[in-house]
Amino acid sequence: GQQLNQSPQSMFIQEGEDVSMNCTSSSIFNTWLWYKQEPGEGPVLLIALYKAGELTSNGRLTAQFGITRKDSFLNISASIPSDVGIYFCAGQVGNQFYFGTGTSLTVIP
Amino acid sequence: SQTIHQWPATLVQPVGSPLSLECTVEGTSNPNLYWYRQAAGRGLQLLFYSIGIGQISSEVPQNLSASRPQDRQFILSSKKLLLSDSGFYLCAWSVGITNEQFFGPGTRLTVL
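Chains as they are written, first to last, in our numbering: chain G, -4 to 104; chain V, 206 to 317.
Do not rely on the hints blindly, as some may be mistaken.
Incomplete in silico selection of chain V near chain G, CB under 7 Å [what the hints assert, rightly or not]: (1) N237; (2) A244; (3) R247; (4) G248; (5) L249; (6) G292; (7) L295; (8) V300; (9) N304; (10) E305; (11) Q306; (12) F308; (13) G311.
16 Å max Cα-Cα, derived EDC-like pairs, lysine to aspartate or glutamate [what the hints assert, rightly or not]: (14) G/K31 to V/E305; (15) G/K65 to G/E49; (16) G/K46 to G/D66; (17) G/K31 to G/D78; (18) G/K46 to V/D290.
Because the hints were derived from the structure by calculation, they are not lab data. Every residue gets a Cβ at the ideal spot worked out from N, C-alpha and C, and that includes glycine.
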């Protein structure tokens, strides 16, 4: 399957700090998706991006679909303790979705 | 609105026993359905996906199988579980127009 490189693998930040994570691929995708997963639960869709260059916000979250269609980033502003979890990127092409390896976020109060 | 159900939520099974995990989707028609396995809270591995009743694509050859007896029902099975089958199994659905994928709550399987 296609490989998505997600970085960083983990982050430990102070409450109130901003967070940035990204995904890159050698392949082009039609859609980029960002998910958050909490322990013992299924991933929850945060943001979906449909067009190259698209910048979308959802509250304190902002994500962008890279111009080349091979990358995407997710920013979280003013982090709070409930932002803790694992964040996954995913690229969609056809009926298939390919996932990054996840970024584990820890927020220190 | 659409919802996706998985059961059981947790399962402990001995090696060599059979397995049946069920996933159902409500509120949509003709969904694409997916089974993933996740080990140690990271890395989603696609096992099977289905674009319609009776149509199953296998991504990883192993001792698991999948079936789709109804439009909104997807079942993951095994005749004989291995220790390596332990993990967190996630069902997901998508509909072509939105190109978004939504996950169920997952089943935690422990094989002893």
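Consistency of the hints with the structure:
Contact between V/N237 and chain G, as hinted, is supported at the beta carbon level, the nearest pair being about 5 Å apart and thus within 7 Å. Here the hint on V/A244 is broken, as its CB sits about 11 Å from the closest CB of chain G, past 7 Å. Because the beta carbon of V/R247 sits about 5 Å from the nearest beta carbon in chain G, less than 7 Å, this interface hint is met. Taking 7 Å as the C-beta cut-off, the interface hint given for V/G248 holds, the closest approach to chain G being about 5 Å.
Because the beta carbon of V/L249 sits about 4 Å from the nearest beta carbon in chain G, less than 7 Å, this interface hint is met. Residue-level restraint check for V/G292 is violated (minimum Cβ-Cβ distance to chain G is 13 Å; threshold 7 Å). Using the Cβ-Cβ criterion of 7 Å, the hint placing V/L295 at the interface with chain G is satisfied: the shortest such distance is roughly 5 Å. At about 11 Å, the closest approach between the beta carbon of V/V300 and any beta carbon in chain G exceeds 7 Å, and the interface hint on this residue is violated.
Among the interface hints, the one on V/N304 holds; its C-beta lies about 4 Å from the nearest C-beta in chain G, closer than the 7 Å criterion. Using the Cβ-Cβ criterion of 7 Å, the hint placing V/E305 at the interface with chain G is satisfied: the shortest such distance is roughly 5 Å. With a least beta-carbon distance of about 5 Å to chain G, the hint placing V/Q306 at the interface is held under the 7 Å criterion. Interface hint at V/F308: satisfied, since its Cβ lies 4 Å from the closest Cβ of chain G, which is below the 7 Å cut-off.
For V/G311, the interface hint holds, since its Cβ comes within 7 Å of a Cβ in chain G; the closest pair sits about 5 Å apart. Only pairs whose Cα atoms come within 16 Å are accepted, and G/K31 paired with V/E305 is accepted, the gap being roughly 14 Å. Pair hint G/K65 plus G/E49 holds up; C-alpha atoms about 13 Å apart against a cutoff of 16 Å. Simply put, G/K46 and G/D66 have alpha-carbon atoms about 12 Å apart, close enough for the 16 Å limit, and the pair holds.
Note on G/K31 and G/D78: the hinted pairing holds, with a Cα-Cα distance of about 9 Å set against a maximum of 16 Å. Proximity of G/K46 to V/D290 is assessed by CA-CA distance (about 38 Å); at most 16 Å being required, the pair is judged violated.
Going through the hint list in order, the structure does not satisfy hints 2, 6, 8 and 18.
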